[in-house]
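Asks: Sequence:
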Amino acid sequence: MDRTAVAVVLLAAVVCGLGAAALITRCRRRRAHFDALLGERGWMRLRDGDSTTVRPERGDWEVRTTRSFATQQSPPSTHIIVSTWSSTWPTSSHGTLLAGPSPPGPLRDMAIGLIGSLNGPLRGWLGLTRVGDGAELRALDTPDPRLLAFTTADGDGAGLAGVADAVSAWCARYDNERDQPAVTLDTDGVTVRVRSDAMQAPERLLAFVELGLACRTALGELRR
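So the sequence shown is numbered by my numbering: it starts at 1 and just counts up by one.
Do not rely on the hints blindly, as some may be mistaken.
Said to hold, decoys possible - Have a look at the derived ranges for each label pair, beta carbon to beta carbon: (1) ALA201 with LEU46: 31 to 37 Å; (2) ALA172 with GLU221: 39 to 45 Å; (3) PHE34 with ARG178: 18 to 24 Å; (4) GLU57 with SER93: 29 to 35 Å; (5) LEU213 with PRO106: 20 to 26 Å; (6) ARG67 with GLU221: 20 to 26 Å; (7) GLY42 with PRO106: 42 to 48 Å; (8) PRO145 with GLU203: 24 to 30 Å; (9) ARG195 with MET44: 34 to 40 Å.
Hints were generated in silico from the structure; no laboratory data involved. Beta carbons: idealized from backbone N, C-alpha and C, even for Gly.
Modelling step: build the complete structure from the supplied sequences, incorporating the hints.
Replies: Structural data, given as structure tokens:
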């Protein structure tokens, strides 16, 4: 290899090194800025393996984002990201409530029929066996067309307008299919789950926390 070729290789290595260093510096600054904003609100961020949790220093809720490697998907490097806001109150001693944004028009009835007709293996594949300990989900006849709701107990969909307001406000801002929230009320409390990274940016995290708090308030009123 002549001197010119050696110089080109060395220059390329230097450029790559500088680019990597700049990227690392930007990531550190972004992380520091994020943590500073959390500190201003009295929130802390904790990391444990593939999970990152944000919770208030004094509070009763948390947001957890988990990344898992999906070897079954294509490409094989795909990661599954799930963000969950959770609170231990209110709780339900009368079955489980599951709610989310409603598909438009005739797709609503199709979704209700599909979920109601799923067999055991398909329910497990979709994660529905983890809702209400696998009990059968019954569609609620909610008067609010913005919301699709199911329950494992008797009852109606009255009083869910607050949940519909919160879900609709979130979906108006984040309209990707993976951002559609699933709201659950059961014996463990309230959870709001999306299949995306709620900690991607500070404003996104704040909006997700607001969604969870609004759903909790609405469901708390429902339980009275």
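Asks: Is it true that PRO145 and GLU203 lie within 24 to 30 Å of each other by Cβ?
Replies: holds, 29 Å
Asks: State, for the Cβ atoms of GLY42 and PRO106, whether the hinted interval 42 to 48 Å holds or is violated.
Replies: Once the Cβ atoms are compared, 47 Å apart, the range 42 to 48 Å for PRO106 and GLY42 holds.
Asks: State, for the Cβ atoms of LEU213 and PRO106, whether the hinted interval 20 to 26 Å holds or is violated.
Replies: violated, 33 Å
Asks: At the C-beta level, are ALA201 and LEU46 separated by a distance inside 31 to 37 Å?
Replies: violated, 19 Å
Asks: Do the Cβ positions of ALA172 and GLU221 conform to the proposed distance bound of 39 to 45 Å?
Replies: violated, 22 Å
Asks: Okay, PHE34 versus ARG178 on CB: inside 18 to 24 Å?
Replies: holds, 21 Å
Asks: Starting from the range 29 to 35 Å, see whether the pair GLU57 and SER93 falls in it by beta-carbon distance.
Replies: holds, 30 Å
Asks: Is it true that the C-beta distance of ARG67 to GLU221 lies inside 20 to 26 Å, as the hint says?
Replies: violated, 35 Å
Asks: Between ARG195 and MET44, is the Cβ distance one that fits in 34 to 40 Å?
Replies: violated, 25 Å
Hint check: violations occur at hints 1, 2, 5, 6 and 9; the rest are consistent with the structure.
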